[in-house]
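Engineer: Listed in order, the protein sequences are those of chains X and U. Counting from 276, one number per residue, gives the positions in the first sequence under this note's numbering. Counting from 276, one number per residue, gives the positions in the second sequence under this note's numbering.
The hints are simulated quantities; they were obtained by calculation from the structure and are not laboratory data. Computed from a predicted structure; not experimentally measured. Treat the hints with care, since some could be wrong.
Said to hold, decoys possible - Straight-line distance between alpha carbons at most 25 Å, and here's what the computed SDA-like set of lysine to any residue pairs gives: (1) K432/X <-> N426/U; (2) K323/X <-> W295/U; (3) K323/U <-> L390/U; (4) K401/X <-> E385/U; (5) K306/U <-> E355/U; (6) K367/U <-> S391/U; (7) K323/U <-> D316/X; (8) K298/X <-> V312/X; (9) K401/U <-> K298/X; (10) K396/U <-> D443/X; (11) K432/X <-> D402/U.
This is what each chain is made of:
There are 2 protein chains.
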Amino acid sequence: MMYYQAISQCTQMLRNLESWLDKAEEHAGAKTFDVGVLMTDRLAPDMKPFIYQVQSACDYVKAAAAWLSGQTLPKHEDTEQTIDDVRARIRKTIVFTESLTEAQYADAAERQVGLSWAPGKVLGGKDYLLQMTIPNVYFHIATAYAILRHNGVDIGKMDFLGPIHWIDV
Amino acid sequence: MMYYQAISQCTQMLRNLESWLDKAEEHAGAKTFDVGVLMTDRLAPDMKPFIYQVQSACDYVKAAAAWLSGQTLPKHEDTEQTIDDVRARIRKTIVFTESLTEAQYADAAERQVGLSWAPGKVLGGKDYLLQMTIPNVYFHIATAYAILRHNGVDIGKMDFLGPIHWIDV
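Just chain X, with the same shape it has in the complex (with noise of 0.2 Å):
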């Protein structure tokens, strides 16, 4: 199975993520205005600013690397207002992900996961990987690029992407 390296990819994409900040923070300079804009920024009124989308990123990619490899979830706190506070939690998030190892993945498709918004169920590995976090990860990864293009940050769809394993032939 691929629990560990679908983890790993989500993991790379937060730091996808956080390549952006950079790009974010050099169109703020360039046209002098705040960045912390951006990161209360939303693409319609009834959704979620810049910050939350990342905040849930996090919190999709921390809590499948946690319940597929049985280990305890680490708390973080819902607290970020500023663009370093944003990078901050991405890198506490790649730190605890980071920090587990593909053994530890062994039982991901025995395992049942139970969401806090849906109490009563559960979702089984394989569901759980499929249904829920990636869709996730990349809904609230995509939903921020579009943020940072839609305001016109000098990114693209290989910043999206990131680092490709391409073999030469």
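Fit chain U to the supplied structure of chain X, relying on the hints for placement.
Structural biologist: For chain U alone, kept in the frame of chain X given last:
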């Protein structure tokens, strides 16, 4: 491995996307504007419009299904202009991916896959799934979702996620 299940989930995301088209039509009807406006809308001047996002999502799902199962890649021309064209594009993609069986993905991990925009390079099956297929499928579907949400279409996170295989406990 879970190639078949991962592609099935991507196919389900196309079904979810198809359902948002009904909501887009309802919204356009209630506000009395032509739904075609949404088909050509984009989040930023240097991003692609809604129809392209759908075409690209469909193509990444179709390509992954074909290459990872060792089947011939069907060619779908990018000629869509109306919302019904968009529905048809999604439909024919789903018909193709649903024609494949789990057994046909047996050698997916050993396959090497090239992309037209990366000459002289290939990806191993796992990297192709995790670093190329899933990120691109979710990127384009989340961007299509964002275009609709930005324009006030009444869809939410559960419409994005679609059906979830909960187990009652």
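Engineer: Determine which of the earlier numbered hints do not hold for this structure and return their numbers in increasing order.
Structural biologist: Hint 9 contradicted; others consistent.
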